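Visitor: Quick mapping for you: the protein sequence lines, in order, are chains A and B.
All the letters of the first sequence, read from the start, carry residue numbers 1125 to 1219 under my numbering.
All the letters of the second sequence, read from the start, carry residue numbers 1234 to 1869 under my numbering.
Think of the hints as simulated: they come from the structure by calculation, not from any bench.
These numbers come from a predicted model, not from an experiment.
All C-beta atoms, glycine included, are put in the ideal place defined by N, C-alpha and C.
Please note: incorrect hints may appear among the correct ones.
Straight-line alpha carbon distances no greater than 30 Å define the calculated DSSO-like cross-link-like pairs of lysine-lysine that follow [unchecked claim]:
no., chain 1, residue 1, chain 2, residue 2
1, B, Lys1368, A, Lys1156
2, A, Lys1177, B, Lys1462
3, B, Lys1368, B, Lys1378
4, B, Lys1378, B, Lys1414
5, B, Lys1766, B, Lys1732
6, B, Lys1414, B, Lys1462
7, B, Lys1470, A, Lys1156
8, B, Lys1274, B, Lys1368
9, A, Lys1156, B, Lys1721
10, A, Lys1177, B, Lys1470
11, A, Lys1183, A, Lys1156
12, B, Lys1732, B, Lys1721
13, A, Lys1177, A, Lys1156
14, B, Lys1274, B, Lys1463
15, A, Lys1177, B, Lys1463
16, B, Lys1766, B, Lys1721
17, B, Lys1766, B, Lys1378
18, B, Lys1274, B, Lys1721
Simulated coverage check for chain B against chain A, where a stretch passes if three residues somewhere in it have a Cβ under 8 Å from a Cβ of chain A [stated by the list, open to error]:
no., stretch
19, 1312-1326
20, 1708-1717
Listed below are the residues making up each chain.
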Amino acid sequence: MYNIVPIQETTQIEDTMLLVDVDRDACIRVTKFSEGRGVGAKLRQLGIMPGEKIIVIRKAPLGGPLLIDIQGRTVAIGRGVASKIEVERIECDSS
Amino acid sequence: MRFVLIGQPNSGKSTLFNQVAGYRAETGNFSGTTVAYMDSKVRVSGEVINLVDLPGTYTLSGSNPAERETLRYLRTHEVDVIVNIIDATHLAQGLSLTLELLELGFPVVVAVNMMDEATRVGLAIDGAQLQGILKVPVLPLVASKGRGVRRLFLTAMDAVNSNGKTQRFQYSPDIEIFIAKLSASLDGAESAFGPDAVAIKLLEFGQDMMEMVAQDAPDIPQLINQSRKKIEQMRGKDPVWVISGERHVIARNITDQVLVQGEHRLGWRDRLDDILLHPIWGYFFLVGILLLFFEVIYGIGSIFEGNLLNVFTEVENFLLNQVNGETLIGGVISGIVQGVAGGAAIVLPYLIPFLIGLGIMEDAGYLPRVAFLMDALMHRMGLHGKAIVPFILGYGCNVPAVMSARMLEDRRDRFLASALATLVPCAARLAVVFGLVAFYLGPRIALGIYLFNLFVIALTGRIISALLPEDTPGLILEVPVYRLPTIKTTLNKTWFRAKEFIIEAWPILIVGSILLALFNFYRLSEWFNLVVKPITWILGLPEEAGVPLIFGILRKELSLIMLRQALGVADFSTALTAVQMITFTVFVVFYVPCLATIAVLRRELGSRDMLVIAGITVVIALSAAMAARGIAALIF
């Protein structure tokens, strides 16, 4: 069923990383995060789910949380949670 | 007729409730202020309506107890109409919940709240079109200013009378197949909701939602599991994700149709966060704001305390001149006067400014920002930033603080946050700190006690979390936009909270004072003092402090008011040294929370945990007071 397409010689590197490692003002898209201990449900409630675009607005110092913008809503996310969310970088003006 | 208010946290549900029902619900500019539901009777054009304010919820099937409350309520009560409040500035998110509500089959009226704020950020919403899409009445609302409230209620009544049935939105055809199949097999099973609604919830959450189905449906669980498994195979995701995700997409499509986003100008609100959440300046402002807060409370309170105490002393002397002060009548009279004076001169002067200040910080939206700033620090105590809410509420009263710990997902977190919140000096203890320490030794020392208190709380947090290893999911908290608090809401809120003291606590203070007068007259105090002697001796306090400390369990202010009476002085500085004042205050701040807090601890956590927490506080109080005694002896 799967079409095997030969990979072309490009320098396309998969830009996957963890939300916790993203710099301030970066635009990203959620790719996946682990469920468990109610975290997944909580994130979903706030509209944070795979495919959603996120902007990291600010980061608190000393291992503090991140402030993100999701659909115009501002949400604070602790580092522990942010290190379980996988994201990919996207262009900031794409929606 | 019963109207139920449902909306997401921060949508202004409680604000609306308070507008029509008088001030009864706690509101605040952070999520989860309403933890239990509020019920009130209101009159709308001659008809009496039961208005119910349910806890704010993002979805109908949330992960924490406060969120489950909504669905359970709808299932177990007669509901005539759901009034769904949506925050206009977060339309897409709000509509997700609306879509869930439309599935249930109750008449629904949608109120799009905070229209003024939406206009300010350049959002235009086509209400008529939204109404056309949802096929239920949609009304604009500015709950904070009371605009549109009357029309909303009249429309809701119409909806009840015309019994407007709602129409749910369709999921993808491949999902609808499963809904139809499950729904068909549920047909005839008794439920408050339509079979489709039950089927959808069962597909989303599986066995967890079985309580929605009558017991006599043995083949249902199997069907649910099969369907859920198939959906998961088909979509490669947990059905929970598939279904809520689809709802989300529908909500977004609707939003795209009805919402026009104008120019979003960066306002003062956006710039304010650049300062208040700045990695360095943010903390300066945090400390500065709290310092200012204390200085103002002290400034206002001490003016009143000094003058009012003089007035009451004269009143007491005047009355005692009429009768023989040595008689029982004389004792009772001074008991009454001192009880009244304690409330009016020592408690209220500090309590009122404190509550106004807390109300302003809450409504302005500063508290969630404090949670953001303090998250890293809270982790050192084995909690996360959200647990800051019980702490801050705790400064007002420990009772709502312990109740708000419900918003934490984990039982261990709830225990730890509740235990630590009972150590937070509430407004009653504020009266002791300010009435005794600040008044006689100055506001700096009072602030010192507050800082020492924070240190002890942090230390306790570390110790407890070492015993109960941390496994917290971490902070996930919505940070609302800044809002200018309205004078009306702030004053209402202050009155709502001060009333609790005036109606419930003040009479206890007066009765306590009279009892103490009786004890003194019949020389019973000596016996009580003897029982508590080990504690007063170890802390270097006068023996007479024993009875006030015992009575402090009823109400913390009582300790101070009764101490004045027990020592038989108007001016504490003539009977207590500075070190004694500090030791006494520190002990009062930490030992056994008041009766009301004990009751709520028992309700929220059970008897065992309540006793454990009470025991812990005694140990902490003794060690902290001894430490304070040592430190104070070095200073004075």
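Visitor: Evaluate each hint against the coordinates.
Guide: Hints, one by one, checked against the model:
For the hint pairing B/Lys1368 with A/Lys1156, the CA-to-CA distance comes to about 35 Å; that exceeds 30 Å, so the pair is violated. With a CA separation close to 29 Å, the supplied pair A/Lys1177 and B/Lys1462 stays within the 30 Å bound. At roughly 27 Å between alpha-carbon atoms, B/Lys1368 and B/Lys1378 fall within 30 Å of each other, so this suggested pair holds. For the hint linking B/Lys1378 to B/Lys1414, the alpha-carbon distance of about 48 Å lies beyond 30 Å, and the restraint is violated.
For the given pair, B/Lys1766 sits about 36 Å from B/Lys1732 by alpha-carbon distance, which is inconsistent with the 30 Å threshold. At most 30 Å may separate the alpha-carbon atoms for a hinted pair to count; B/Lys1414 and B/Lys1462 meet this at roughly 15 Å. Between the alpha carbons of B/Lys1470 and A/Lys1156 the distance comes to roughly 11 Å, so the proposed pair stays at or under 30 Å and holds. Taking the CA atoms of B/Lys1274 and B/Lys1368, the gap is near 28 Å; set against the 30 Å cutoff, the hint holds.
Distance check on the hinted pair: A/Lys1156 and B/Lys1721 sit about 45 Å apart at the alpha-carbon level, beyond 30 Å; violated. With a C-alpha separation of about 19 Å, the suggested pair A/Lys1177 and B/Lys1470 falls inside the 30 Å cut-off, and the hint holds. For the proposed pair A/Lys1183 and A/Lys1156, the alpha carbon gap of about 21 Å is at most 30 Å, so the pair holds. Taken as a hint, the B/Lys1732 and B/Lys1721 pair is honoured in the structure, with Cα atoms around 16 Å apart against an allowance of 30 Å.
For the hint pairing A/Lys1177 with A/Lys1156, the CA-to-CA distance comes to about 12 Å; that is within 30 Å, so the pair holds. Of the pairs offered as hints, the one joining B/Lys1274 and B/Lys1463 is violated, with about 47 Å between alpha carbons and a cut-off of 30 Å exceeded. Between A/Lys1177 and B/Lys1463 the alpha-carbon distance is near 29 Å, which keeps this suggested pair within the 30 Å criterion. Distance check on the hinted pair: B/Lys1766 and B/Lys1721 sit about 49 Å apart at the alpha-carbon level, beyond 30 Å; violated.
Distance hint between B/Lys1766 and B/Lys1378 is unfulfilled; the C-alpha atoms sit about 56 Å from each other, more than 30 Å. For the hint linking B/Lys1274 to B/Lys1721, the alpha-carbon distance of about 21 Å falls within 30 Å, and the restraint holds. With a cut-off of 8 Å between beta carbons, the stretch 1312-1326 of chain B has 4 residues touching chain A; three or more are needed, and the interface restraint holds. Given as covered by chain A, the stretch 1708-1717 of chain B passes the check, having 7 residues with a CB less than 8 Å from a CB of that chain where 3 are the minimum.
When each numbered hint is compared with the structure, violations occur for hints 1, 4, 5, 9, 14, 16 and 17.
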